[in-house]
Amino acid sequence: MHLKLFVLSASSLMLWLAPLTALDKTLDIHKALQGASLTAAIACAVTAGNIARLQAEQNEIEEIKTRAITADVVDEIATSAYISQQQRQQEAEQILNPREHLERSLALTYDEDERSELSVQNQLAEPEQNGSENGESERTERIHQLQAKGWGKAKIILEIWGVTKGGSPKYKAAEAEYKRLIEGEERERER
Amino acid sequence: MRAVYLANYFVAGCIAFSLLGWIASLHPITFRAVLCLIAATAIIWCLSWLLDFSLSSALKISVRDLQAYLIAAGAMFLVGLGVYLCT
Chain A
902 MHLKLFVLSA SSLMLWLAPL TALDKTLDIH KALQGASLTA AIACAVTAGN
952 IARLQAEQNE IEEIKTRAIT ADVVDEIATS AYISQQQRQQ EAEQILNPRE
1002 HLERSLALTY DEDERSELSV QNQLAEPEQN GSENGESERT ERIHQLQAKG
1052 WGKAKIILEI WGVTKGGSPK YKAAEAEYKR LIEGEERERE R
Chain B
8 MRAVYLANYF VAGCIAFSLL GWIASLHPIT FRAVLCLIAA TAIIWCLSWL
58 LDFSLSSALK ISVRDLQAYL IAAGAMFLVG LGVYLCT
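Residue numbers (this note's numbering), protein chains in the order written: chain A, 902 to 1092; chain B, 8 to 94.
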């Protein structure tokens, strides 16, 4: 295709310039030859131009395809890098602080359960007094410490009273005491 | 490749003006006809320069492209007739 283009371009130039310079304009036969060669030169130049235009359009399409492929590859690499960075960050968080993560998730689980049973527990709970004020203050302080850590009620009761969550009377008693201690603390603060 | 096809079309235009000169040299009547054609073309060319903005919007091309075509047409005329008259 390139050879054809080159030959047509060169022949158009030759057919244009050679007869005009070499032939005599006064002779009729030369003049006729000049006219024919000029017409042929126009045909050659237009044909060469059309071929070159088609080639240029194909080249543009190829360039667009190449750009699109490059953009796709870059986008894919960027996406995979972003995902792998997120994965690494999550893994690092899990490795660095597994205990805190576990405690938070446990506290969240207990809190959700507590909200649903809160109304029932309020009705069933009965106040129970502890004889020892020192013990109460220690427990209250311990409760605040555990609350500050983000622990839930059931977990605090398990930690301080050693009673697992459920409908047992021991748990209800422990829960009632827990509420009493917290409410007492709040009343003291209000005063 | 874009330059190659533009160059080929430019050469074709130049040869066309040379052919016009050759036609004008055949007979006094053809000479007058070609002269009239060139005069009309020159008037259109000048008007196109004056009305380039409205023409570009009518032809749906940019003003810069229209001016490039007009300059190329002028250059084709000068080169084509120049080559024919100087040889």
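Hints listed in this document are in silico derivations from the structure and should not be mistaken for laboratory results. Each hint should be verified, as a subset may be incorrect.
Claimed, not checked - Stretch by stretch, here's where chain B covers chain A in the computed footprint (C-beta under 8 angstroms, at least three residues): (1) 937–947; (2) 951–963; (3) 983–994.
As the list claims (entries may be wrong) - Listing some non-contacts, in silico: residues in chain B with all C-beta distances to chain A over 12 angstroms: (4) 11; (5) 16; (6) 44; (7) 61; (8) 67; (9) 71; (10) 72; (11) 78.
None of these values were measured; they are calculated from a predicted model. Think of the CB as a built atom: it goes at the ideal place given N, C-alpha and C, for glycine as much as any other residue.
Checked hints:
{"no.": "1", "hint": "937–947", "verdict": "holds (count 6)"}
{"no.": "2", "hint": "951–963", "verdict": "holds (count 7)"}
{"no.": "3", "hint": "983–994", "verdict": "violated (count 0)"}
{"no.": "4", "hint": "11", "verdict": "4 angstroms, violated"}
{"no.": "5", "hint": "16", "verdict": "4 angstroms, violated"}
{"no.": "6", "hint": "44", "verdict": "17 angstroms, holds"}
{"no.": "7", "hint": "61", "verdict": "28 angstroms, holds"}
{"no.": "8", "hint": "67", "verdict": "19 angstroms, holds"}
{"no.": "9", "hint": "71", "verdict": "19 angstroms, holds"}
{"no.": "10", "hint": "72", "verdict": "16 angstroms, holds"}
{"no.": "11", "hint": "78", "verdict": "18 angstroms, holds"}
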